[in-house]
Structures are given as structure tokens and as C-alpha cells.
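Could you put the whole structure together from the sequences, leaning on the hints where they help?
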Amino acid sequence: MKVLKQREFLLACSIVVLVLLVGLRSPVFVSPASLANLLTDSTLLIMLALTQMLVIVTRGVDLSVASNLALSGMMAALLAARQPDLPLPLVMLAAAAIGLLLGLVNGWLIGYLELPPIVVTLGTMSVYRGLVFVLSGGAWVSSHQMPQHFIGFPLARLLGITHLVWIAAAVVLAAWFVARHSRFGRDLYAIGNAPSCARYVGIPTARRLLWTYGLSGLMAGLCGYLWVARYAVAYTEIAYGFEFTVIAACVIGGISIAGGTGTVTGAVLGALFLAVIGNALPVVQVSPFWQSALTGIVILAAVSINARDGKHGGRQILPLHQVDRSAA
Amino acid sequence: MNTTTADMTATHSSRYTIHDRPGFRLGALLGKWETLLALLFVAAFLANGILVPHFLDPYNLADGTFNFSEKALIALPMALLIICREIDISVSGILALASVAVGLAHTHGVPPALLLPVALAAGTACGLLNGVLVTRFALPSIVVTIGTVSLFRGLASVVLGDKAFTGYPQLMADWGQGYFFDVIPREFVVLLAFAALFAVVLHTTRWGRRIYAIGNNPVAARFAGIEVNRYRLVLFMLTGAMAGLAAWLLTGRIGSTRPNIAMGWELEVITMVILGGVSIAGGAGTIGGVMLAVLTLGTVTYGLSLANVPGIYMTIVVGLLLLVTIALPRLLHGRKVAK
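Chains as they are written, first to last, in full-length UniProt numbering: chain P, 1 to 328; chain W, 1 to 339.
By construction, these hints were calculated from the structure, which means they are not laboratory data. These numbers were taken from a predicted model, which means no experiment stands behind them. Do not take every clue at face value.
[Claimed, not checked] Chain W is nowhere near these chain P residues, computed Cβ spacing over 10 Å in every case:
1. R7
2. V28
3. A36
4. L38
5. F184
[Claimed, not checked] Just so you have them, the derived chain W footprint on chain P, three or more residues with Cβ under 8 Å:
6. 244-252
7. 288-294
Ideal Cβ positions, reconstructed from N, Cα and C, are used throughout, including at glycine.
So, in C-alpha cells, the structure goes:
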């Protein structure tokens, strides 16, 4: 039974067990309404984790997602507040385009100038966060300034399911297609596994990296609109520190920070796991102050388990020299 | 670096002599990162002196050092970690937890003189956890410390809840906001002392050379008989201890422990280190560079704050400075850009 040994299967089981355990303590948690709510709550994290996965697969990291989200969200909010008659698709398109542009800046610096991703995204993270303040002048855009259709969209329902969930489902499908079945996605795995080999076999590394970070930015832009509309407020500190939650979701989902491995299912389950913990704590009357500490423990446990999995590495066909794993 | 060594051996020495350090050359000195940083620092200082009234007032300059002293204290061990190819994202979490430990100890009647050891012990314990996870389980340090930063800050917020510790003893305030001879801030003196200590250890001792060796090639370093994992463990503990010291000083300076204490500092500390010319790929960098970066950033941000520029504009300046300083050499060297 190969499926039983897979990390994704174990993770899915632990999510189900966790939900059932919480359900035993307080049956309200497993009611359909509560579970639907949980799903809606996890959507933004899932979407961001998916594009972050593509970035991490190439041995990179995008620390600027949360700042990018805040900047595009703020711009969408300001746009909607100033031009209330603008059709919603245009506003969403604007948010996504701004996110894409910011992501492409990262991608250009990392792909074409070959600068280290962690340093580049650290820099752009500060710059984007600062620009939010410059744009808004530090003021909040609150719900009464935004038009009703702008705020209402994410939680409006289609066939009984919120738009957020529909969008996330579409993104999951798209990410699955890109990662599994497109040449673009397969190239990313090659780049992450062996960057110099990837270059020798003719993979246009710089262009691939440009668009990977572009995609990450595009998703941050879209989520920027959704975040601002869902919580009906835009301010400078939106999603502050969320980049670490996104990376944590990827790490829990078994995506190796050393690049080259990671699945869409893993990223989705990792994000769901974090969302379940976040939603369960108030229900079982654990103080929400524990949330951060528990998240930390879960991340550490997940990476330890992943590291143990890697020790009896399966894919090595020819015997190689013993390589110090921690050296990479 | 390599070419200068080769030139040296070719011109005036036996081919059997191996120079471990190139001789003095003016051209090499001018091309160094530290020289560029020093010029940038002088430029920032002069610009501030001319544009901002009263900037050059000695009391004013002394006050300016409070902004960066605690962060710089953490940047010193962080530089060693990054030279060694590791990184510690959890420093601000350690700082928060150490500050909470000090607050707890104080409310339970621990005498003021023992609060510094409490902070150091709490910091070292956190660093030990990071180090054990990284070395024992062979985990990448960036992932471990992303996990522990949630853990440490989470534990701090569990203890604090929505309250805060206040009413710290005068001793801590003396060190956090006090002066020597009424003009030199004590925190700055502590920073300079530690910078000198770190510089001596890193640049003149065998331990320092070994840290570079590990950063250049951990596998080769291990074959050369260096206990790579022990060095990593000690460096994580050292970083924790310095974060504990910074926690003690910061808590004394602001006189309280709140849940959001030192929020986001890890990124500023790492920015200082990288701006100081320490390579994120490991194996290169100097303490002098880090201190110059600290002073430059401190001057720029203090000048901006005296000119009434809101704090958040500084994050833009710092971010742009970081991007420009790493991208410029790449663009100026005229190396063929990748396709």
C-alpha cells in the first residue's frame, strides 16, 4: 500500500483526526456551517501557499508576498473608494496586475541579475510595505468608503458556496496543471533539483524564475483584493507577518526548502492544517494566545518528520558519496 | 582576492611560498566593500550635518545611537552565523521571550542584579533549542527558526496575555537609557566593546578562520577536522545570548515588556548584516563592514527622523539601500546577465 506511506496521506489523516477530536470536545465544530466557514477561512492561505510552493521548488523563497498583498489590496481599495462606479472585474484585474508587476520586479532581480532570493525579497518586502503607507498617507480605508459590490463579492455565494472557495478551487486546479503537466512547471522542478544541469539542458532559467516570482506576485495581488474586500478594511499593517505563515504552510506540506520537491496536495493540506488549528483553538476554549506557540511546535514537528523521511532516500539509483545533508 | 594572491607570488617571492593573506595594495583597498560603505557613511553624515539643523550637536549624536545599539548587538553574532551559512530568523522571538523571563523573575522578587543573568540564560536556552534542532536533526536553519520564532513569540504572548510587565528596577534603566560621563550612552559603549571582541575573535583567532572555512565549504571543513556541528551549536547559543542581552537593555530602555516588543527586528538585523557585505552564501564578510553598515543605517534613519520623516519611510530607504547595494556591483561589473 504505497498510498499509506505518502506524506500527503498522513497529513490528510492528521487533519481529519484533529477535526474529529475537536468535534468530540464541542460538536458545533463539525457542523456543516462551521466546516464551510473553516474552508472559507483557509482559502487565502491555500492560494498563496500554492504559488509560494512553485517559488520554493526553484530553491527560492518569496518573503515579499504579504507586503505585496498589502500594497495591491490598498491600491484596489483606494481605486474602488475614488471610483465607486468602476466595474468590479476591472478593480480585480488592476489588483492582480499591480501584484504581477511587483512580482516581476523580484523575478527580474533574482532571475536575470542572479541575486539571492532571500535578500531580494527581504528588500522588496520593506519597500512595498513602506509604499502602502506612502499611498494611503497612513490613513485607513474603512468599509463605508468602499462600494457595496466591492465588499460583498468574496463572501457572496454561488450554488451555496462562497466565491472565495470557488476561486481557490480554480487556483488549485490551475496550480496542479502547471506543476504536473506544463513544461513551465516541470522546468521549475529541474531548476530546483540541479540548477547548473538545468541550464546545460537548455532550460531558460532566468525567464522561468522571472515568471515564477511574477506568478507569486499575481496571486498576492488577487489575494490583496480578496483580503481587503473580505475584512472590509485596508490599512498599512494588513497581513503583517503573513509571509511566514505561508512559508510554514508549505513546510508542513512537505515542500523542501532545499528545492526540487513538493506537491500541490501537500501545499493545500499544509495550509488547511494551519487553518484548522487557528479555527479550533477558540472552539475548544484554548486561549488564542496559544495559537502562535502551537503553530511553531507543529512546524518543528513537521520538518523533523520530513527530515526523517529523507534519510532513507528513495530516488537515488546509483550509489554516491555520503553527502552531509545539512551542508546544502 | 585570488588574482592578487597569484600576482604576489608571481612577482616577488618564491613559488614555494604560499601567501595566506595578500599584501597591502591601494587599488584593492579602494575596491573593497568596506571602503564603499565608509564613503557612504561619510556622505550620509555630511548630508545630515548640512541639511538637518543641530544634527552635529554631541548630545544629539549620542541620542541617535539608542536607535540601533540593541539591533547591532544581535547583528554581530548574526554575522558569524551567516558567514557560517546559517541564519537565525527567531532573534526577535528570543528577545521577546527573554524580556518576558526578566519580567517574570522581577515580579517574583529576584534581585535587580540577577536579572541580567536571567535574560542571558533565557536567550541561551532558546539558542540551544535552535542549535540542537539544526545540528542533531540536520534541518535547514531557516525552516527551524521560522518555526521557533512562532514558538518563542507565542510562549511570550501566552505568559503576557493582554497585559504588560512594567516597573523595572532603576539598575536596568541606568544601563538602557543611561550615559557615561553624561554624554556617552552606555548601550553604545557596550556595543563598541562587543564589536571589538567579535572582530578580534573572527579575524585573528583560529576559531574565526574556522568559521570562514565552514561557510566556504562545510563538507571540506569537516574533512579538515573541524567539528562543524559544534561550531554551529555554539553560534546559535551565542546569538541567543546576545539577543538576551539586547532584551535586557531594550526592556530597561523602554521600561516595559509588551507582546509586540521588537516586532520585525529579525529583518532589520539581517539587513544590517547583508548591507555590511556579509555574503548570504556564506564564507565572506567582516565585523568592520557590519559596524559600518550599522552606523550608516543609523545615521540615515536618525537624520530622517530629525527631519520629521515618518518612520515607515525609513523602511523604504533601508529596503532600497539593500537592493541597490547588492544589484549595483552586478550591473557595474558588466558581467553578462543570464538569459
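Structure-based check of all given hints:
{"no.": "1", "hint": "R7", "verdict": "holds, 15 Å"}
{"no.": "2", "hint": "V28", "verdict": "holds, 25 Å"}
{"no.": "3", "hint": "A36", "verdict": "holds, 27 Å"}
{"no.": "4", "hint": "L38", "verdict": "holds, 20 Å"}
{"no.": "5", "hint": "F184", "verdict": "holds, 16 Å"}
{"no.": "6", "hint": "244-252", "verdict": "holds (count 4)"}
{"no.": "7", "hint": "288-294", "verdict": "holds (count 6)"}
The structure shown violates none of the earlier numbered hints.
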